[in-house]
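Trainee: Now for the letters of each chain:
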Amino acid sequence: MTTSAPARRTGTPYAFLAPALILFAAFLAAPIVYAAYLSFRKVKVSGLGLGARSRTEIWAGLDNYTRSLTDPDFLPSVGRIALYGLIVVPTMLGLALLFALLLDANRTRESVGKFARISIFLPYAVPAVVGSLLWGFLYLPRVSPITDVFEAVGITAPELLSRDLTLWAVANIAVWGGTGFNMIVIYTALRAVPVSLYESARIDGASEVAIAWRIKIPIVTPSLIMTFVFSLIATLQVFAEPMTLRPLANTISTTWTPLMKVYRDAFTRNDLYAAAATSVIIALATFILSFGFLKLVGRRAFNQED
Amino acid sequence: MPFKKGRSKTATVLLLLGAAYCLLPVLWVLIASSKSAGELFSTFTLAPSTHLFDNLADLSGYRDGLYWRWMANTALYAGVGAAASTLISAMAGFALAKFEFPGKSAIFNLILAGVLVPGVLLAIPQYLLLAKVGMTNTYWAVLLPSFISPYGIYLARIFAAASVPTEILEASRIDGAGDWRTFATVVLPMMRTGLVTVFLFQFVAVWNNFMLPYIMLGDDKLYPITVGLNGLLNQGANQPAMYTSVVTGALVSIIPLIALFLTLQRYWQVDLAAGGVKA
Numbered sequence: 001m002t003t004s005a006p007a008r009r010t011g012t013p014y015a016f017l018a019p020a021l022i023l024f025a026a027f028l029a030a031p032i033v034y035a036a037y038l039s040f041r042k043v044k045v046s047g048l049g050l051g052a053r054s055r056t057e058i059w060a061g062l063d064n065y066t067r068s069l070t071d072p073d074f075l076p077s078v079g080r081i082a083l084y085g086l087i088v089v090p091t092m093l094g095l096a097l098l099f100a101l102l103l104d105a106n107r108t109r110e111s112v113g114k115f116a117r118i119s120i121f122l123p124y125a126v127p128a129v130v131g132s133l134l135w136g137f138l139y140l141p142r143v144s145p146i147t148d149v150f151e152a153v154g155i156t157a158p159e160l161l162s163r164d165l166t167l168w169a170v171a172n173i174a175v176w177g178g179t180g181f182n183m184i185v186i187y188t189a190l191r192a193v194p195v196s197l198y199e200s201a202r203i204d205g206a207s208e209v210a211i212a213w214r215i216k217i218p219i220v221t222p223s224l225i226m227t228f229v230f231s232l233i234a235t236l237q238v239f240a241e242p243m244t245l246r247p248l249a250n251t252i253s254t255t256w257t258p259l260m261k262v263y264r265d266a267f268t269r270n271d272l273y274a275a276a277a278t279s280v281i282i283a284l285a286t287f288i289l290s291f292g293f294l295k296l297v298g299r300r301a302f303n304q305e306d
Numbered sequence: 001m002p003f004k005k006g007r008s009k010t011a012t013v014l015l016l017l018g019a020a021y022c023l024l025p026v027l028w029v030l031i032a033s034s035k036s037a038g039e040l041f042s043t044f045t046l047a048p049s050t051h052l053f054d055n056l057a058d059l060s061g062y063r064d065g066l067y068w069r070w071m072a073n074t075a076l077y078a079g080v081g082a083a084a085s086t087l088i089s090a091m092a093g094f095a096l097a098k099f100e101f102p103g104k105s106a107i108f109n110l111i112l113a114g115v116l117v118p119g120v121l122l123a124i125p126q127y128l129l130l131a132k133v134g135m136t137n138t139y140w141a142v143l144l145p146s147f148i149s150p151y152g153i154y155l156a157r158i159f160a161a162a163s164v165p166t167e168i169l170e171a172s173r174i175d176g177a178g179d180w181r182t183f184a185t186v187v188l189p190m191m192r193t194g195l196v197t198v199f200l201f202q203f204v205a206v207w208n209n210f211m212l213p214y215i216m217l218g219d220d221k222l223y224p225i226t227v228g229l230n231g232l233l234n235q236g237a238n239q240p241a242m243y244t245s246v247v248t249g250a251l252v253s254i255i256p257l258i259a260l261f262l263t264l265q266r267y268w269q270v271d272l273a274a275g276g277v278k279a
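First to last, the protein sequences are chains A and B. Residue numbers are given in the UniProt record's numbering: position 227 of the first sequence equals residue 227, and the series is strictly consecutive. Residue numbers are given in the UniProt record's numbering: position 113 of the second sequence equals residue 113, and the series is strictly consecutive.
Hints are computed from structural coordinates only; laboratory data are not their basis. A couple of the hints might just be wrong.
[Claimed, not checked] Distance condition first, Cα-Cα at most 30 Å in a straight line; then the derived DSBU-like pairs of lysine-lysine:
{"hint": "1", "chain 1": "A", "residue 1": "Lys-44", "chain 2": "B", "residue 2": "Lys-9"}
{"hint": "2", "chain 1": "B", "residue 1": "Lys-132", "chain 2": "A", "residue 2": "Lys-42"}
{"hint": "3", "chain 1": "B", "residue 1": "Lys-132", "chain 2": "A", "residue 2": "Lys-295"}
{"hint": "4", "chain 1": "B", "residue 1": "Lys-132", "chain 2": "B", "residue 2": "Lys-221"}
{"hint": "5", "chain 1": "A", "residue 1": "Lys-114", "chain 2": "B", "residue 2": "Lys-221"}
Since the model is a prediction, treat every value here as computed from it, not as a measurement.
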């Protein structure tokens, strides 16, 4: 259903689009092209490497990519992020769906529902840096209430920022920060479902759980797909949480996630070329995963009206 | 409702557990910012103390009130960035929803692809490009990239299609109003509710952003609160007395956004799939 008026002057829509397109070109398209270009370049040092003329940029072919992929720090960071994603995305979306269904089923007192909805959404207002900082302190054995609880019953408390548990500690911050927003998205979709669709099932004595499984979840599937894709993208770029926890946890290295490695290569090692190649690899992986997933589920999301 | 629905204890308990989990760190920071440096690591986690105002004074005194400058910077980045981004999105969304022109679907698909570009990956090439024109380490380095939001354009297109009737545009044209005047006086007011949501989305995104300003800025007078607090925490590793300022600073930094959330709750009903907002 397109309801477009015939344009009086053909230039008008382009004029309205101009600022967006110029900014899109400058801050999205150009950086992507530039990163791709840099990923195929390298510096050749001639002579002693002194003076401005002795360093020239030349084509590198796939050198940066081979270097990036064979870097001993790269694969472990990818493995870590894969495990992290496997923990965070299903837990976060599972909890978001559960809370949204509970709120929608309206089986608690209204004040309880409202209080829970606002409380669970609240972490969205807390920047990842601040959220990580708060949890980071709560993880410290000298601060953590968990330590007190464990000591009260006479067990040694687990060291949450130890080698084995750091990944879970970071995952917890992401789940805490993301559940509420996704819950609101799913809850909004649920509220758009006409009550008549399941009222008769309810009268026939179907349980709320059955109604959720058979009627509500299938209807909100497009929302679940979108939240999944956005969560996946966010997971692959995790940066602020581990960067903030680093001063509190010596188990987080400078290459703990792929993006942290990009940052280290670019700004600590001044190796922009390796950083660009790694960026391109992460971007491609993101595109393959998100588009692959959308293709798999049959583009049910992004419902467009035309 | 034709019949009374039963209450469920399980539902209540689960929702309250979720709320408790989400409130725990916020409750902790509220209590911890009342503790002195010594108490922070010695008294029971949830035992409040009486040093809140001392801590606030320490925080304000840190390098001549640098903390408050970070807060002001953050408000500037988020406020100006979100306002500009909302206007630009509204214009683009209006054009995509209400005009027919060559290249329309190509532009729309480009913007849709832009939604899926992992934004953080752009930060380093954006830094390099801005460095070439000498704009890194300025307010513009953080502001300009925040002006474009493909998701904002995507939402604005849906709002324009849903809330601006074509007949009204026609009527305005017959009255002799120019396209820009029609946009400013007719279209923008009609899209208002949706645009508030676009604004809030971008405001929160900029307010919470860390990597872009972290890369772009060297001068700590330009830092937003996220980068500033990250720096304070790093100092705390050497001078543990700084930790009270970090904790108090964390508390103060989340108050404005939480207040914004509680007052504008009705705009937070977002359907990502349909892009619709029910207010």
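Trainee: To test your reading of the hints: which numbers does this structure violate?
Mentor: 1, 3 and 5
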